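If you read the protein sequences in the order shown, they are chains W and X.
If you count the first sequence from 1, position 617 lands on 616 in numbering that gives the first Met the number 0, and the numbers rise without skipping.
If you count the second sequence from 1, position 144 lands on 143 in numbering that gives the first Met the number 0, and the numbers rise without skipping.
Simulated from the structure, these hints should not be mistaken for laboratory data.
Note that this is a predicted model, so its numbers are computed, not measured.
Cβ atoms here follow ideal geometry from the backbone N, Cα and C, with glycine treated the same way.
Check before you lean on any hint, since a few could be wrong.
As the list claims (entries may be wrong) - Per the computed footprint, the stretches of chain X lying under chain W, defined by three or more beta-carbons under 8 Å from a beta-carbon of chain W, are:
1. 78-89
2. 172-186
3. 274-288
4. 337-351
5. 459-470
Stated by the list, open to error - With a Cα cut of at most 27 Å, we get these calculated BS3-like pairs of lysine-lysine:
6. LYS475/W <-> LYS433/W
7. LYS813/W <-> LYS471/X
8. LYS494/X <-> LYS782/W
9. LYS363/X <-> LYS550/W
10. LYS549/W <-> LYS285/X
11. LYS475/W <-> LYS363/X
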Amino acid sequence: MKRRMLLLLTCCIIGIGMVMAQVSKVTGKVLSEEDGEAVIGATVMVKGTNIGTVTDADGFFSLNNVPGSAKELEVSYVGMEAQIVRIKPNLTIRMRTSSEMLDEVLITGTYGSAKKLGSMVGSVASVKSERISNRPSANFADALQGQVAGLQVFTSSGEPSENVSMRMRGVGSINSSTEPLFILDGSPISSGVFTALNPSDIENVTILKDASSTSIYGSRAANGVVVITSKRGRGSKPTVMVKGQYGFSQPALPTSEMMNTTQYYNLWKTINPNADFSQIENAMRLGISTDWKDYFLKDNAPTWQLDASISGMANKTNYFISASHYDADGVEPASGMRRETLRSNLDTKVFDWLRVGVNLGLSYEDWETNGFAGTGNSWYNVSTLSRWAFPFETPYEVLENADGSISYGKRKDLLDVLGLWNPYYLLENQPTEKNKIRLFGNMFEEITPIKGLTLRASQAMDAFDYRYRYRNNPAKYNNYSGSAAETFQRYSSFTLTNTAEYKFEINKLHNFTALIGQESIIYDGSSFGTSVDGITDDRLTLVSHGTTYKKPSADLKKKVMNSFFARAEYNFDEKYYLDASYRTDGSSLFGVNNRWASFFSVGAMWNMKKEGFLSDVDWLSDLRVKASYGTTGNSAFEGDPYYPALGLIGTGNYNGGQYFAISSVQNDDLTWEKQKTLNIGFNSCFFNRLNIDFDFYNKVTQDMLMTIPFSYTTGHGSGWGNIGSMFNRGVELSASYDIISNKDMFWSVSANINYNKNEITELFGGRDEYVVANTGLKYEVGKPYGEFYYVRWVGVDPQDGQQIWLDKDGNETKVYDENNAAYTGKQQYAPWSGGFSTRFDWKGFSVNADFSFMLGKYMIDNDRYFVENPNFVGQLNQTVEMQNMWTTPGQITNIAAVNSPRYFDTHLLENASFLRLKSLTIGYNLPQSMLRKTGFIRGLRVFAVGRNLLTATKYQGADPEVDSNLQLGKYPNTRQFSFGAEFTF
Amino acid sequence: MKKKTILSLFACCCAAFTACDMDLTSETSIATNESVQSVLDCQKYSNLFHAEWRSYLQNTYAMDALVQSGLITATADYGNTYGAFYRWEFTITDGAFSGCWSNNYNYIANANVLLKGAQALLDANTLSDADRASVRLYMGHAYFSRAFAYFELARHFCKSYEASTATSDYGVPLVYEYNPSSNDASYPERSSLAETFAQIDDDLAKAEELVITAGEQNSAYITKDVVKALKARVALEKEDYPSAISAATSLIDSGTYPLMTDADAYADMWVHDNGTEAIWQFAMIKGQEECPNSLGSAFSGIIDVLPRPSYIPTKTVLGLYDQDNDIRYDAYFTYDSIDAQSVSDFMLTYCKKWPGNPDFYDGKSSNVNKTKAFRISEMYLIAAEAYAMSGDAANASEILNELKAARIKGWNDKAYSGDALMKEIQDEYVRELFGEDPHIFNMKRWKKGLNRSTSEAQVQSYLPALGTDMVKSADDHMWVWPIPKDEIDSNPQIKGQQNEGY
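Chain W extracted, bound-state conformation (with noise of 0.2 Å):
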């Protein structure tokens, strides 16, 4: 199927030669050796010359005017080994699939023609659709988690239209995004498209890494570039694909064990003997004891998703077009996700001078999150409740019966001992509404006027249009006073970009191509939201049947980009490579001192496989080394705001009169935060199955934008400003071997990791040091960026049960004090991350499991102060923990006496490293024999999916994956398993 997809890719990419002289007629068949079926667009040269000629629909080849002095024809075909036989009457010339070559990807980035992967210079790691189609997460950036070195995928919740957070090489800024661009089909996206995406939708996933491949995105390229290509229709028979997976998931890992209602007795004597006991101890006497984490977080919430795509050539034009529903429950009560797609990518060559394609996409996604998870500390918080309800509360009613045992009868609305809503009773009440229609796509327009000229441009829109929802129904707790709430938003980006790109060739070595272009990014947004009091009857919930009226929100604004490059690229016999670009930004966030800036970058490529030297080196298939030196910017500040520079006012009201207050600070010098990487790096192969990569890269970060903190007597906290610097330094290594590669059975293992180091160099003003107040972080020059500077705990005095810390010197101390505070070593951004993953083929079976991990990460667990802390004893249950709190002398133990008083220290810090089963696939793709009779059906593949089956941790918190400093009450990360077939007609 593959092959014949990829012929007219064949017809494209070799010239055939013109016939020349008449000598004898070679003709012949091409096969794969891998099914006997015939291998169409084969190309076949006689061997030293120009004749040549492609295999037809059947595999049959013939070559009319074969010079009587020609020995041997040379047989290649894209994803095949190139072979080269000896003529004789009627060939079969079998061919082999290579799989270094299938792993060729063509990568289209924004500008310019496409390339493949190994010819350019720049640091670029590629991740295929086999890797991201068939996850039950409906974002598909989860899935590259571990995939590329140097690339840190973290999803942070088990909310199921949560999106992720990435992180390449390191954190290469502080107040600034540290994302990177995402490009779809050559045009910029948002990250929030990402839930809008139907992963089967997409052929690869592409990450430039160095300068060289990403400063011609200038400004917005300084966290590296992610570009996702979307599929396009292929082969000349139209093929039509319906998959269908259904799954359920569960928390991924299990939280802290809390008491019983016997332990949380025993201990709530100890520490508070003058307490009321009637409610524990009657309890106790009828047997009650909750798990109310089994009772607020499922085991089993149902996800499904079904896909269906037609695609296909006829005549000039390709097209792809599917459609998609995703459905998933949350673990947790009023969360979960709808999704539909459609996608449609359709391009045609109008005239030989003129192609034109569109690439569109449309997702409705309707979801509801939890209103009460995103504050850690609140009762109704689900996962902070089932840790600090009381094991003596009932979700149920409680009937005595006449022998003396209980049961339980209907759900309680009020949980009465605890003096507080059932959340089930309240976000049943409090209904959310969340709904988005995005629309992201783009359309080209490509002349070819003379040969090697392409005029191309393209006109691109991300934009979405959401609404918001709120209820809170009357009912009896809110005194039968409710309120509702509606917000409508709607985004808009629209990207312009016109290029002209010119390759030429002198001598068939010296191969040239220069670039020119411009590009203008105008992004819109507006919003208006309103709020009513005095909902009376839950039939009428509209902001209209509202009695008091809260002033509306309305927000209006508008960011403009402009930017003009050039790229120039050479290569003699693609032996050595040289290129280099030049970009300049203008953007309408700064200050008018400073709005422009260039970034430009320099790279070389030596493949010395190519030298006659290594030529006949058999065990060595490939070699190429690699440097890189550039600039790329940061503009995407924290909290995206749009008018940075300017020093403005707020409004509000004082007894109905407006009022101004001053509320930003002007900068007109504020500017770009400039990024200087350094790449050195190569690609090998050695025996065709053994791939080594590995880069060093050193990336400097100046100028960064930064909320600069202000004296507060100036009537500002901070200033945005351009200040500081620091670096990340690190290396990359992967590496794949096939162990096994023949036509029954295929194993290969891969793996990847990535160490960096980051250091801050340069702070505020005459600064060294900055604390960032209540976070446990501190910048310091000298160290990185994210190390927890705390106070030390050590321990507990066996003695006397009082907590034991380090002060400043190092010397233990009993005397808690916040000025004691040191770095600790310990740090929140993972020094070391990577993955492995294996693959085994078998017949139709296949078997797909990839790891990753990360090393070195710490994360505070904020729950525990709450939940292993004796003030909190009679208020909230603990964990079983607290069983070993210290009560006597000589009690060597972890858990400090009652009147010790708790602090934020050390002693809430934890590894938060974990190794994880990212995901697991088994398949078996139904032979061939057996669908044949079906007489319809090409190809049946059915397969099962587990996503975070396994994770080794130390994190005793919710889940070590969280991007993050702390973590409270936070929603957990899920563990998903799907079933699914997959048919191909």
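Starting from the structure of chain W, add chain X where the hints point.
Then chain X, alone, in the frame of chain W:
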């Protein structure tokens, strides 16, 4: 030919899209340096000077300070709210310190923006006389607001004013111009306490000159009387007793704000925000302008149906009242069921001084009342204390008796003197201003120290495990709040000027 047409079209498109204007301005806001260009603009800043204090006076920092005072005990269900202040365990990174400090400096910055812009308007000499008068009034509001902010800073972050040491004790940094910058060399250091109070006096003098609006009961705006009330409070703190007496008694003698004597009317004042006693009472509008009241939420906030107090008055406080005859007792307190969480619901006495004005809510109260910035009764207490401190026991007793007679049915005047007089004045502060005034600053001024014990709790089994028994001597460093760590870190001039003990 056709090719050429398309090519030229293409070229046109390229040219058309090249330049988007990058000089964008916000449609949701205007530039600060263009925000004072007319009388109307000045009025908008004046509105701000009212809104600022509306959101400040009974916010969480006020509750933090009150929790420190020892008039109240936490309940077992307090959930550690204000816990660090209850246990006197706070650290210099506590949000209360940066919040209180930064709010006041923000108010000062806003005042400075208006003062500079308004002066420029006056200097331009283009305004009509009526407009000039309005601009001068708004400048008066700015001076008042700046004085108030410096006074709040001094109360929280400086030692009690002692005339003998005021020139060497630390005051707070003084800022006269709005000019925000990241240049840390431009940040000011702390002035002396004498300089700080001189600045407050100076601003108040200007405010007195410019604010000519006559006072009225429950005024939503800053009036002459509001300026005078602040002046009395400042003068007492500064031990300038003659000024304190003069300012306080002139308000009392004006007769504009008669003391209320009727029990029902007095109680209703705390529900419906009416009455005759408030000199400055902030405007609020249902659904539009409501200000949460941290004190009210902590005393009688309703989570579900019944109030769940985090803090309740001690037995000592309740014992100060003549519970049968004092109209304040029933207005401030109630013995009723509460929504206890760790134990069954039960009855105790909690404070209901901020029950929520029914005009501001549908359904469940969220304790929103119009905050009273100054009440006439405080002027009686200030005058009594100032008389007593200046040795005039007779006048002190007289004025104290006037207040008591209004509040306590069948009160018979008593003559107080010496320590008994001071004790009675101090007790009267509690009786009158309980749950309204943070009280900690009175204790600091009286240098009494704190002695709170478990035995004062209404229900000992309903106390939190830790922190109720608390003894603090009058010279403990924690009576003075620390300069917030953020300020110390960002302002090199203040680095060595942290308050003692932190």
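For this session: List in ascending order the numbers of the hints, as given earlier, that are violated by the structure.
Result: none
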